[in-house]
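Just so you know, the sequences run in chain order H and G. Numbering-wise (our numbering), the first sequence opens with residue -17 and increments by one. Numbering-wise (our numbering), the second sequence opens with residue 96 and increments by one.
The set of hints was computed from the structure by calculation and includes no laboratory data. You may find that some hints are simply not true.
[Claimed, not checked] Using C-beta positions, here's what the derived DEER-type ranges look like: (1) G:683 to H:101: 36 to 42 Å; (2) G:688 to H:48: 45 to 51 Å; (3) H:61 to G:207: 34 to 40 Å; (4) G:734 to H:218: 51 to 57 Å; (5) H:83 to G:431: 28 to 34 Å; (6) H:61 to G:745: 46 to 52 Å; (7) H:10 to G:540: 21 to 27 Å; (8) G:615 to H:227: 42 to 48 Å; (9) G:688 to H:154: 20 to 26 Å.
Model, not experiment: these values are computed from the prediction. Even for Gly, the Cβ is constructed at its ideal location relative to N, Cα and C.
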Amino acid sequence: MNQKTRVSICALAVGLALSGAARADGVKFTDPTGDDKGPGGYTYPTDAVYSPGSFDLVEFEVTAGDNPDFRATFNDRLADPWGMGVGFATQMVFIFIDTTPGKGHTKGLPGLNVEFAPDAGWDKVILLSPQPASRVSAEVKAKAADLAADIVIPRRTTGVGKTVSAKVKLEDLGGGDPATWGYQVVVQSNEGFPDKSDLLTRKVNEFEGQHRFGGGNDGDCDPHVMDVLAGKGAGAADEAQAQYDMLKFECGADGSSVKRATLTMIRK
Amino acid sequence: MHLRNATLAAAVAAVLGLAPEAGHAQGAQATPIKWYGSIYAKFLDGNRRTEQGLYSNAETTPGEGGGDQGQGIEFELMFNAQVSKQVEIGGRLHSRFNKNYWSNYGGFQVPDNDTTNCGEDDPRCNQYVKLRGAWARITPGYEWLDSATIGNSDWGMFDAWTQGKSRYIDRDNIGGVLLQGSAFDKTLRWDLARVTLAQYQGLQYNTGSFGSDNIYANDSNWIAQAKYTPGPDWNATMIAMYARDADLSDADTSDLNGVSERVRWDNAVVALKGQFTGLDFMDLGASVYYSDYSVRDSLCGPGDWNNACRFSPVPLRDMDDISGTLNLNFNRLFVDGLSLSAQLFRVGSDYVSITAARREQDVLLTEGQEGTWQWGRPDYNFGNRENGNSRAGLGYGGWNGEVQQVVSGMADNDFTDFDEPVAYTVIGWQGVTLVPKYSFGDWEFAGEYSWIDFDTNWQACGGTDKDVDCAPYPRQEGVHSWGLGGDYRSPYGPYQDRLLQIFALKAKYTLDFGNGVDLMARYKYIKDEDDRVTRASSLTDAYDGFPNAAGAINPDWIPNVGLGGCVSCDDRKGDYDTYGVSAGYQLTPDLYTTLIYELNKVELIDGTIDVAPIGLGFEASNDFGFAEYLTGEHTKNRLGLDFSYFLSGVEFGGTIDYLWGDYDPYFFTDQDGRRVRLRPTEGVSSIATPLGNIPVDSVDYRQYRMKIFMKVSF
């Protein structure tokens, strides 16, 4: 291989990298601190591993490129008290993406007890879990088989500092420009021993327990969600109230759902 | 109830804040009992050929111990139910592992009142399902009380420095009563508990015994904490605990008016913790703990480093101390992706918390020492299988898992497997740890530097005579600054002047090939230096010919009392290098495999051939002791294969290790007041040391071990 060929290959590689970077821009949203209360009254479990702020989403970012990083940042330093080996343990993040407005699923994932507004259907959802990808995949097959084609499990999810992140190939999301998509980021907790139908999510009951959120309902009519993006995703104080309003729900006397919490998408 | 009485009762209840909130008493919702659980099977194989249990155990008690052989299965059945709106219950039934090998089909044999044949009458061998924990949680709806829980718990709502997790076999088998409440719109939450002390949580691992005057059933730890979280920027927690062990008063011999009790020991800890996250560039956390411990002096008699109380998780005399941490976390340092965590810490030599975590929690930022060198007990020098201590533990390979730092004198690693973490007591540690992390593209980098001085750096424990001045401190195995890696539950050495430094680097990269190859490389260097005796006048006290080892010490060795005045002859210097690489790959959506290679090298100079652990006793014996001569070069290789395989509802996982290496012994002696290398002359096959006639040739080691498990959750 002569020098001219090497230079050409290098130039091509740099060009491809630059073109990849130029094709899609990053996007960033912020979320107010202190709104990790679901619809307004949820409380953390009482075990010390659930430290204050550990489910309080403060920033969500998608980096540029063909293999963008999806990053969720919390208001507390991540810890790995359960030895998951990936830098975090208690959090689980669902990143719902609306790549094609007017289409997509309005049904949430099992265990979240939420649905999406008709004009905010999701096309893809990325699961950021500290569990091994194989375990998440097996759970998806068992509990959300009908949605499995649109559930993306990154091959590696890590936690560093306050940020949980994973890379996902753009082609796995159907291609396009992430900067133009709508997003909804749902913060839940990694539950290694989930209920029969729950996708590795932790329950919210009326009273908090050692490993159970409180402030909700003992039935499955309440959203099992601690924090979401709301408003314009700019971190304004009134976005906390917008979140509480979005997560409003209504239960029957027997714990059945009268009105599900209905999420919308946030766009730049 | 008469209407007037009912009205009055309701009014009184309302005044006292005992009235249920609307909706609680009404519409009680009972739900069906929920059953769930698991079946867990384990397959062990290895070339140590030990069969005293389906896990590791460092116990050398006859009939106890660990094993690397066999297959067994456990069944766990858990349940919970909402009895009413105000009552919830739960529990766990379990047939846990011990020696219930398939080969003895669950221990089934004709009952013969024989506990030596691993049959029906030996609870370690039969597969009886037993109640491991049960609890009832009451949520009465009072304003002042959120819930009361009565029964078993792991007490995870408290912290590792006070009431920590103990997990002695089972996760939740310590019982107690827990009240929890909140105020100010849940910004203030409080917990108050009376936790019954497990019988081993006491002086000499004992709070009393059945049928004696040393009662135990009502010994407990009272603990209260209040957590205040006024907003997202800061929070604070106050903790106070008081643990007490009582026995009967020997002055009260009449039971006509009841029998008086007296305190054997008591232990109070108060703590304040806080966290501030209100700055963009940095988070701040701090904690401070003060402990006070008192014990009746007569319980352990006059002092001696090897006295009857040597095996005790708590001191033998009164003491108090302060401990704490200061954490600074810079989440973005100069550039995106770069963070730095710093921890300043002190664990006082005299800090005592009898109920602190024994394992499964980590109080320090440092990753600590390497698990592979933790108390493997392979009998490095002689390979004497007849020595029970040689068969105990995990053998040459040690633990693959991380080392977790705890502040308990009863750090515990029994009933673990070689792929699990290992707990190590850090009583006396003080210093600083820096952990930078940097992620860039597909690369992740992490590092550590720790500088660790010791509050246990002292001469004769701060006095002049080890037998008198070290009497307050339990010796336990007493090899804290001896051998490879030290000992995980012996924090005290009579003469110590130690500095421990840890350097670690780790890089991870995901190679974009196929499903992605997760590559990892790491390097770690531990520099462990201990000058031990630093003044010539103390040498005789320290190296007095080891009278406590009479009958156990090597009879061919000629004592050198006082090391001839050579202060540097007992210095210890250990250099530990670890190199590791691994590659992980998702072979199928269900199967993930990791191939691992590690090279561990240690160069250890542990005094001269005249030096043995100060105050050496029975542990010198090659027949039943555990102190070993380890000066020289050690090389250990590990080739491992990890896998995990998931299907819906079932997980298979495992590790297969092959370890090989050698030990090339060095010998030093003192000459003209300084330490010099002793090179054996031709024809000399061994050198006499207090711990035996050590062969001069290098020793080879080989270990194969396998653990494969299946866990079905239902």
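How the hints compare with the structure:
Between residue 683 (chain G) and residue 101 (chain H) the Cβ separation comes to about 39 Å, which falls inside the hinted range of 36 to 42 Å. Separation of residue 688 (chain G) from residue 48 (chain H) is about 27 Å and departs from the stated range, judged on CB atoms against 45 to 51 Å. For the hinted restraint 34 to 40 Å between residue 61 (chain H) and residue 207 (chain G), the CB-CB distance of approximately 52 Å leaves it violated. Between residue 734 (chain G) and residue 218 (chain H) the C-beta distance comes to about 56 Å, which sits within the given range of 51 to 57 Å.
Separation of residue 83 (chain H) from residue 431 (chain G) is about 31 Å and conforms to the stated range, judged on CB atoms against 28 to 34 Å. Taken as a hint, the range 46 to 52 Å is violated for the pair residue 61 (chain H) and residue 745 (chain G), whose Cβ atoms sit roughly 29 Å apart. The hinted range of 21 to 27 Å is satisfied by residue 10 (chain H) and residue 540 (chain G), whose Cβ atoms lie roughly 24 Å apart. Against the hinted window of 42 to 48 Å, the Cβ-Cβ separation of residue 615 (chain G) and residue 227 (chain H) comes to about 45 Å, which satisfies the hint.
Between residue 688 (chain G) and residue 154 (chain H), the C-beta spacing of about 22 Å keeps the proposed range 20 to 26 Å intact.
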